[in-house]
Amino acid sequence: MTEDLYRIWVYLAASPLFALTATLVAYQAGMWLYEKSGRRPLVNPVLIAVLALVALLLATDTPYGDYFDGAQFVHFMLGPATVALAVPLYRQLRALRGAVAATATALIVGSLTAIASALGIAWALGGTVETLVSLAPKSVTTPIAMALSDRLGGLASLTAVAVIITGMVGAIAGGWLLDRFRITDQRARGLAIGVAAHGIGTARAFQVNETAGAFAGLAMGLNALATTLFFAAAVAWFG
Amino acid sequence: MLRYLTVLLVCQLVGETIVTGLELPIPGPVLGMAILFLALVLRRSETPGLDGFSRGLLQHLGLLFVPAGVGVVLHLQLLAEAWLPIAGALLFGTAVTIVVTGWLMQRLAGPASGKAAGR
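Protein sequences, first through last, are from chains A and B. Using the numbering used here, the first residue of the first sequence is number -13, and each one after it goes up by one. Using the numbering used here, the first residue of the second sequence is number 249, and each one after it goes up by one.
Rather than coming from a laboratory, the hints here were simulated on the basis of the structure. All figures in this text were calculated on a predicted structure; none of them were measured in a lab. Positions of the beta carbon are idealized from the N, C-alpha and C atoms, including for glycine. Honestly, I wouldn't trust all of these hints.
[Stated by the list, open to error] To be clear about the criterion: a stretch of chain B counts as covered by chain A if any three or more of its residues have a C-beta under 8 Å from a C-beta of chain A, and this derived list gives those stretches:
#, stretch
1, 259 to 268
2, 302 to 314
3, 342 to 356
Here chain B stands alone, though its shape is the one from the complex (with noise of 0.2 Å):
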């Protein structure tokens, strides 16, 4: 576990390094996700560990967001004056997308193989 902590950390690392370095205007952990994705297509071979250890990371991502939305304590005042363009862009902005995503995806996709039709 430690040391598949240790690959993320390390991929973030560089990601990190290289965008403040070069001043790019991605953040550094996505740069550190295409790292770890050139890494993992270069090498080809499964990596059950890796697999197992990210899964178990991403299954409790909600988790990771609570103490950035308790931040709405700071907001309060103004989402109390601005709450309409605010609800109105949350609520409809996100549900136009989703819609119009999902349609276009399964429009373009075409019959899904197997699998993937589940459920």
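Chain A with its partners taken away, still in its complex shape (with noise of 0.2 Å):
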């Protein structure tokens, strides 16, 4: 009987369908908790899914890549979903024409602490040049984040969990942040959350307030290119 159990596991296990699906069920799960919970931001369902994966692979001692292969059709969907976002921009685009000037200070200025600060407190506290430089673009969404990590001498993988944690706090602590300085323009909590916490700040965004939410989504597409054009600038700088 456990030998049949641990050959259907050997078959399940190689095959992508069991990746997969653990992926799509850890976070329906996540999903059910955060509606159960009534939305609570601590709550965030991305946190629970990793979570939920992370000890899952652990405990059946199976290697990261392996996972990978079955759940990369999920992640394959990040590059036509970073396309999609192109259509919030443009919803927004119309009603945004007054403040045109005003996001894209703000989002320059969002973009650049984003990376500054990132490397200046690691630096701070004592990180190797090869953590600095995977740090430094956690505020861009995952693909394009590991892109220029990559291309700087960072651990790609790496700055893949920063981005993935970065996108975490911002939807968890964001409101809450936003609150006590009485930032209460859906339009600037939207730009901030974006800025700071790409996707997964978008989505909390997009569940909270659906101004917020093409805020976010268009602060998280021109801050893949701000930052993606900061980094270009910088490696010309210094060669």
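Since each chain comes alone in its own frame, lean on the hints to assemble the complex.
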């Protein structure tokens, strides 16, 4: 009996079906808990799914590479989802006309703040150069941050982790922080979350308020562009 | 639905091709986003189907980050060794960015018009 179960497990663990299904189930469970809690930011569905899957991999001694072979179908959708950000961008741009200069200024300052604060804090706390480079693009969406980190000699997979944790910090603490500093304008709230916490923050913003979500999506897309250009400029500058 | 997924993939493919061909420093999907945006601006018509499909995709954006996030298992060692600079940069760097960006935007943007002020 145990041997049969083991044989089934070996078969399942080797096929992409298991990792893919486990990812969807873990996320659904996270969403269920999130809804059940009355959408409390602390009960973040991405955090729950990641923790559950990490526990599963460690418990079953499954290498991450094997898991990713199946889960890459979900990961792949990040590309089309990034392209899809053009749609809320376009929808908001018509309502945005009066605030173009403000948005551009806040976006550029926010983008530079994200890079500089990560570098400054990690440096002050004794991070190595490799760690600094890996953390610098933490506020932009995963595929872009990984490419930027890789190009400058960082660890792309550490960057991926930093990006996810950043997103969860923004999604969990962002609303509370903005309340404390009396930032009530939904455009400003969305922009701040989108610049600092990319897609995970944007996902949370869309759930709270339509305007905030659209501005978060806008900020996420433009921040990807801005950060890429800053990195390209830094490479051209320092060689 | 298949139609809109195709639109997104075509934009991404064109973006990736241009980026690779011209060795541009920007990622392919971001150029794809710019291409789709330009197409929407030039067409100037409502695209309810694409709107709905994109909203559905972006509603579960969080899910798409899960596989990369599970990659944390690869770095448990490094995280344990360099937890202070990493945690400091992620927690305080993100908090500072949110407050600075939100504060500046609220100051510069002026009063929101009707709908945007809601809730």
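Consistency of the hints with the structure:
1. 259 to 268: holds (count 3)
2. 302 to 314: holds (count 12)
3. 342 to 356: Held - the stretch 342 to 356 of chain B has 14 residues with a Cβ nearer than 8 Å to chain A, which meets the minimum of three.
Going through the hint list in order, the structure satisfies each hint without exception.
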